[in-house]
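With the UniProt record's numbering, the residue at position 140 of the sequence shown is 140, and numbering never jumps.
Since the hints were derived computationally from the structure, they do not count as laboratory data. Treat the hints with caution; some may be incorrect.
To be verified - Estimated spans, in silico, between C-beta atoms of each pair:
1. 59 to 91: 43 to 49 Å
2. 10 to 36: 35 to 41 Å
3. 132 to 84: 34 to 40 Å
4. 125 to 66: 56 to 62 Å
5. 52 to 78: 53 to 59 Å
6. 108 to 68: 54 to 60 Å
Predicted model only: the values in this text are computed from it and were never measured. The C-beta atom is built at its ideal place from N, Cα and C for all residues, glycine as well.
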Amino acid sequence: MNMWSWMNPPVIAGGFVLIILLLIMILLQVRRELTKQGDGLRQQNRALDKELTKANKQLLEVRSVVVGLGQRVSEQQDIISHLNERIMALENEDNDARLYSRATKMVQLGADVDELISECELPKAEAELMMSLQNKLAGREAVPPLTSHPDGRQQESPRRRPLRKKN
1 MNMWSWMNPP
11 VIAGGFVLII
21 LLLIMILLQV
31 RRELTKQGDG
41 LRQQNRALDK
51 ELTKANKQLL
61 EVRSVVVGLG
71 QRVSEQQDII
81 SHLNERIMAL
91 ENEDNDARLY
101 SRATKMVQLG
111 ADVDELISEC
121 ELPKAEAELM
131 MSLQNKLAGR
141 EAVPPLTSHP
151 DGRQQESPRR
161 RPLRKKN
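Using the sequences and the hints given, assemble the complete structure.
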């Protein structure tokens with residue numbers, strides 16, 4: 001027999017069929033593996049889409065909170081600005097009160113109008129008024145009686161009750 005005797009056409013055809021079957025089996029196996037991988041990737045993609053949707057919702061919530069906080073910060077800045085203005089106004093009022101307190105003490109210690117004007121920077125009319133008020137409070141000047149009613153009517157003289165005679 002010849003060394004090439006096994007190479008007859010039916011054996012070659014059988015060999016080709018066997019090789020084709022092996023290739024088909026390999027291709028089917030590869031296809032199954034690729035399908036499994038594709039299914040896994042699709043599931044992973046769906047999970048990532050869900051996470052992305054959740055993250056987007058959280059981002060929208062954070063944005064709305066930040067906007068709300070921004071508005072609150074702006075409101076608080078307005079309040080702080082207003083309070084600073086009030087503090088400045090009160091400090092200025094306090095300075096005026098200090099000047100008047102100082103002027104009162106000076107009058108009580110015997111200062112005259114010129115000293116009040118120079119030391120407390122009061123106008124002459126205010127210094128004279130301060131002197132007059134302090135003198136009246138100290139009893140050095142008499143307080144004039146009211147001669148008119150605040151409503152513009154004449155003040156009635158107080159009525160005295162008649163005295164009863166004792167029997």
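Q) Taking the beta carbons of residue 52 and residue 78, is their distance inside 53 to 59 Å? A) This hint is violated: roughly 39 Å between Cβ atoms.
**Q.** Outcome of range test on Cβ distance (residue 132, residue 84; 34 to 40 Å)
**A.** holds, 38 Å
**Q.** Consistency of beta-carbon spacing, residue 91 to residue 59, with hint 43 to 49 Å
**A.** holds, 47 Å
Q) Does the Cβ-Cβ separation between residue 125 and residue 66 fall within 56 to 62 Å? A) At roughly 59 Å between Cβ atoms, residue 66 and residue 125 fall inside 56 to 62 Å, so the hint holds.
Q: Could you tell me whether the CB distance from residue 108 to residue 68 stays inside 54 to 60 Å?
A: holds, 58 Å
Q. Given a hinted range of 35 to 41 Å, is it respected by the beta-carbon distance of residue 10 and residue 36?
A. Holds, since residue 10 and residue 36 (Cβ atoms, about 39 Å apart) stay within the stated range.
Taken one by one, the earlier hints fail for this structure only at number 5.
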